[in-house]
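Q: Start from the sequences, fold in the hints, and give me the full structure.
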Amino acid sequence: MNLRRVSRKTVSVQHVMTSTEAMIDMHGIVKTFKNAAGEFTVLKGIDLTIDRGEFVSIVGKSGSGKSTLLNMITGIDHPTDGQMVIDGTDIYTGVTESQRSKWRGRNLGIVFQFFQLMPMLTLLENVMLPMDYAELYDFEERPRRAMRMLEMVGLGAFANKLPVLVSTGQQQLAAIARALACDPPLLVADEPTGNLDTKSANTIIDLFEELSKSGKTVVMVTHDPSLTSRTTRNIIIADGELINETVAKSLPWLRHRHMMEFSKLAEKRMYSANTTIIPRNEHIEYFFMIHKGEVEVVLQVRKNNETVISRLGPGEFFGEIELIRGGKAIANVRSGSSGPVEVLTIKREDFKRVMDQSPITAREVGIIVQERLDLHRAADSRKRKS
Amino acid sequence: MMNSISEHPTLIEMRDVVKVYSTAAGDFRALQGVNLKVDAGEFVGIIGKSGAGKSTFLNMITGVDHISSGEVIVNANGSPVSIHKMNEDEIALWRGRTMGVVFQSFQLLPMLTLVENITLPMDLCGIFSPRHSRERAIELLRLVEIEEHADKLPAYISGGQQQRVAIARALANDPAVLIADEPTGSLDSVTAETIFELFQQLVTDQGKTIVMVTHDQSLAPRFSRTMKITDGTLENANESEAGSKPGKMRA
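For the protein sequence lines, the chains are X and V, in the order given.
Heads up: the first sequence is residues 802 to 1187, going by my numbering.
Heads up: the second sequence is residues 569 to 819, going by my numbering.
Since the hints were derived computationally from the structure, they do not count as laboratory data.
Since the structure is predicted, the reported quantities are computational estimates derived from the model, not experimental observations.
Even glycine gets a Cβ: it sits at the ideal position worked out from N, Cα and C.
Accuracy of the hints is not assured; some may be wrong.
Unchecked claim - Footprint (simulated), chain X over chain V, 3 or more residues, beta carbon under 8 Å:
id	region
1	658 to 667
2	670 to 684
3	688 to 697
4	719 to 727
A: As structure tokens, then:
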């Protein structure tokens, strides 16, 4: 698929030193719209880093700001404040619209909900367009490359058809072929399956997955929660702010406003390897969510005689049993031996208040509590017999 | 053969055009023998409800889809062409030079500026040199009164403004015929009126021939000729106040 290296940076666009990993690095992105009724801030200072090769979904309710956020990445709309660095290029500082347009043509593939193919051009011609505009690839090479792109998405046989004569799923595949025409490192998609049946939607997601495995970074806005299980990372936006990803992963059943509340209340704590986080028989005042690293839940009956009941990793929680049932810790929890652990903590009263308002989450957490208690009892009885 | 040269030569002729779609439930005749002659300078309105065959009619007249039987002859530059006898490459090039199409949903490319959206069909058809095409695009933006936004992306302008750009794009290769598919269907009534007036001006001031498909009955008196499409058949509607004779709007 990769044909030849082309210089794809526009010289006039400023380069910024940034971590080589990051494909997208945004800081303090604010977007305020003004209309007759006054000002409305859609994005309230977003910080987000997306690494190369990630397949990221951005979800949020209608009006949450998810499409606006995507328009900031593509440069289709401009932020009111903040910095957006994509693939090492600051795309808003001292850059004119036409420089940005040129940069976009060479570095970004965009896929839209309604495909946006030119109705009077064949699929092949539609795929050739970005190469013509970016003046990438030799003139004679463009139709051959466009054909290869169409073949890659399974549309080789339809290359000379007009968009109206193929299905909507095929139109979207052609739009993806077009987005890939200039071999951009980043593919951005706004509700790419929003107008498709389930089967076509799956084909599109399979293709995105393949692309991200081959090294492309894929960022997709969607309102379809079933798609988020297919991505390597899910970002939730609510009222113009990002929900903490550890909170969302640990308690995925919560309403977005409660996730947001926890995102704001959460305090970060760090422990070096092999450090006790919760000692057995102590009162617990916090609910813990693991951000990084691994913790061990350990049962110790006598000195030098312990069993690791379970190991928990990022996106898992602990401390809930005691908060829900009351009483003291029934086991030791410590950071694993493999390295340091970062956790987010929520105070007992905040956790209980939100649980009281969240019956579904309370039930799901309850199921996990029950499983852990069963595990604990089994381990405990074995232990005592030995 | 087509008509000999007259003051208002026939530009488009549809002869017994039939379109049959095969579906699991059996064959469906979307067009059942449509006959239509459009003369140069006419502003023809085709009015019908959804499902009446409007889209199929448009796909036949633009050559976007194949006909089942019949013929569509377009005589845009002195040599009549039976469009469905061309292969797809020929028809695309021919269409690009002969017809401008305006859609309900504008269909501008979101990642290109307005002026780039308009140079696009010119660059594809090669009638105007790339150097000349930007100049012409700006001229066309001036014609539709949106020149000041030339270097903006479509996302920054209103729906009505986007439709103006789409009209400018349809005019890019200076086609004799404009085909418009519900061009005011996505617009509020005030904006819709200004867009309709723009089409009227293109007929009176620029001598364009326009075929417009719409479901909006209220527009009927404002075309130079109005046809009704019902269940895949086309018939004359009551002749309008604006006059039924081709060219009358040029006065």
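Q: All hints, please: hold or fail.
A: Hint check results:
1. 658 to 667: Our answer is that it holds, as 3 residues pass the Cβ test (under 8 Å) against chain X, meeting three.
2. 670 to 684: holds (count 9)
3. 688 to 697: holds (count 4)
4. 719 to 727: holds (count 5)
In terms of the numbered hints stated before, the structure departs from none.
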